[in-house]
Amino acid sequence: MHASKEIIKHIKKKGGHKESFRLIIASGKRSAMPHGYATKKVIRKNEIVMIDMGVHYDGYCSDITRMFYMNANVGASHAAPVQNSNAPARIKKIYNIIKSAQLKAIRMVKAGVAVAKIDKTVRKEFKRYGMEKYFTHSTGHGIGQKVHEDPRISFKSHERLNSGQIITIEPGLYFKNKFGIRIEDMVLVKKNGYEILTKAPK
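FYI, in the working numbering the residues of the sequence shown are 116 to 317.
Quick caveat, the hints were computed from the structure, so don't treat them as lab data. Predicted model only: the values in this text are computed from it and were never measured. Each residue gets a CB set at the ideal place from its N, CA and C atoms; glycine is no exception. There could be a bad hint or two in this list.
Cross-link-like lysine-lysine pairs, in silico, PhoX-like; alpha carbons within 20 Å at most [claimed, not checked]:
#, residue 1, residue 2
1, K291, K317
2, K232, K306
3, K225, K207
4, K208, K291
Pair ranges (Cβ atoms, derived) [stated by the list, open to error]:
#, residue 1, residue 2, range
5, K261, K129, 20 to 26 Å
6, A195, S278, 33 to 39 Å
7, K314, E274, 24 to 30 Å
8, K293, A226, 38 to 44 Å
Model the full assembly from the supplied sequences, consistent with the hints where possible.
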């Protein structure tokens, strides 16, 4: 079974037109690549697995990243969310650091907020654990008819959020030749807050 082909099949079965970008499915050491596109590599026991995917539907794109850990060699039934798996304690610890940073960033989302502050909040959280150097991209991006739109959620940006925008919040830490972890959700910007649009459990 080729995981990417199975995902595309389910996208179409559920009414999606196609994937909104080239699927990222990276296991083991390849998960340390922020854009570890699906290859013929076999997903093996005791490997972490990153799935970053999106659907193109009715002219709009979605984007979500979830992490899994393989408790056995084959079959989706042996893949478990990191927190509910037999993953090593270090992996679970790093996962929880990223999850905490992501939730802090999401709670900041509302119209008028400077996007640079959101990105800096994530970096500050990683710095608490001496891991900021392993965060190698920005915190997120706008999404709509294209999978990458303004604003870019970066400390370099001078933009502010507007009500009605949809953005991703996707912090991650990447340890070269070891593993990487990213958690991503789509978030609707509201006048006085936010709504998380991606409902898949973390």
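Right, here's what the structure says about each hint:
1. For the hint pairing K291 with K317, the CA-to-CA distance comes to about 24 Å; that exceeds 20 Å, so the pair is violated.
2. Between the alpha carbons of K232 and K306 the distance comes to roughly 17 Å, so the proposed pair stays at or under 20 Å and holds.
3. A threshold of 20 Å between alpha carbons decides the hint, and for K225 with K207 the separation of about 30 Å lies outside it, so the pair is violated.
4. As the CA atoms of K208 and K291 are separated by approximately 17 Å, the hinted pair is consistent with the 20 Å bound.
5. The given range of 20 to 26 Å is respected by K261 and K129, whose C-beta atoms sit roughly 22 Å from each other.
6. A hinted range of 33 to 39 Å for the beta carbons of A195 and S278 is consistent with their spacing of about 38 Å.
7. Between K314 and E274 the Cβ separation comes to about 27 Å, which falls inside the hinted range of 24 to 30 Å.
8. A hinted range of 38 to 44 Å holds for the C-beta pair K293 and A226, which are about 39 Å apart.
The structure is inconsistent with the numbered hints 1 and 3, although it conforms to all the rest.
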